[in-house]
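Visitor: Sequence:
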Amino acid sequence: MSDQQTPPAPGANGAPATGPVVLNLQFTKDLSFEVPNAPEIYLTLREAPRIDIALDVQARRLQEGQETFEISLNIRAEAKTTDNKPAFIAELVYCGIFTLNGVPAEMVEPVLLVECPRLLFPFARNILADVTRDGGFPPVLLAPIDFVQLWQTRRGQAAAAPVANA
651 MSDQQTPPAP GANGAPATGP VVLNLQFTKD LSFEVPNAPE IYLTLREAPR
701 IDIALDVQAR RLQEGQETFE ISLNIRAEAK TTDNKPAFIA ELVYCGIFTL
751 NGVPAEMVEP VLLVECPRLL FPFARNILAD VTRDGGFPPV LLAPIDFVQL
801 WQTRRGQAAA APVANA
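The opening residue of the sequence shown carries number 651 in the working numbering; numbering runs sequentially from there.
Derived by calculation from the structure, the hints in this document are not laboratory data. Note that the Cβ used here is the ideal one computed from N, Cα and C, for glycine as well. Hints may be right or wrong, so weigh each one.
Calculated pairs, SDA-like style, for lysine to any residue (alpha carbon to alpha carbon, straight line, at most 20 Å) [stated by the list, open to error]:
#, residue 1, residue 2
1, K735, K679
2, K735, E697
3, K679, C745
4, K679, P788
5, K730, R783
Quick list of simulated restraints, FRET-style, between CB atoms [unchecked claim]:
#, residue 1, residue 2, range
6, N674, E759, 15 to 23 Å
7, P754, L693, 32 to 40 Å
8, R768, G715, 22 to 30 Å
9, L769, Q802, 17 to 25 Å
10, Y692, R804, 31 to 39 Å
11, N674, T694, 43 to 51 Å
12, E717, D780, 30 to 38 Å
13, L693, G752, 56 to 64 Å
14, G715, T803, 27 to 35 Å
15, Q713, Y692, 19 to 27 Å
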């Protein structure tokens with residue numbers, strides 16, 4: 651036998667250490683896929699439709715005084731034919747429950763609106779591709795999203811908005 655002792659587990663009360671950002675769970679909160687002009691659209695669609703994508707990130711604290719947050723990726727894909735008829739509309743709200751451990755106050759917002767969505771995005775991307783493919787269309791494959799730029803744009807718009815009207 652050895653006289654060496656096993657070092658205590660890091661963390662409080664011997665609990666295993668966790669990183670600064672913990673993804674507790676992820677889930678589809680809402681999913682909608684519509685083909686308003688079916689079945690005619692399948693017979694008349696001759697070329698790939700134009701697809702407009704809208705993406706938004708929302709963060710909300712689950713309980714006051716707790717560092718647990720729900721992060722929502724809201725994605726809307728709307729496909730239209732060359733004559734502007736809707737081919738399909740897909741809407742997805744994909745969420746994750748995250749716990750922040752010891753994240754400095756000035757870093758909470760970028761962690762919630764940049765790092766957390768970055769972890770969720772590949773799963774949401776896959777769901778959107780599957781639902782559009784299963785709906786009879788080529789899969790919508792979202793390009794990687796620059797969440798830093800999205801966050802900075804949102805901050806810039808908030809700073810430009812008037813605080814009050816006189």
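Visitor: If a hint holds in the structure, say so; if it does not, say that too.
Guide: Evaluation of the provided hints:
no. : hint                    : result
1   : K735 - K679             : 28 Å, violated
2   : K735 - E697             : 13 Å, holds
3   : K679 - C745             : 6 Å, holds
4   : K679 - P788             : 24 Å, violated
5   : K730 - R783             : 16 Å, holds
6   : N674 - E759: 15 to 23 Å : 20 Å, holds
7   : P754 - L693: 32 to 40 Å : 58 Å, violated
8   : R768 - G715: 22 to 30 Å : 27 Å, holds
9   : L769 - Q802: 17 to 25 Å : 19 Å, holds
10  : Y692 - R804: 31 to 39 Å : 38 Å, holds
11  : N674 - T694: 43 to 51 Å : 46 Å, holds
12  : E717 - D780: 30 to 38 Å : 33 Å, holds
13  : L693 - G752: 56 to 64 Å : 58 Å, holds
14  : G715 - T803: 27 to 35 Å : 31 Å, holds
15  : Q713 - Y692: 19 to 27 Å : 47 Å, violated
When the structure is compared with the earlier hints, violations turn up for hints 1, 4, 7 and 15 and for no others.
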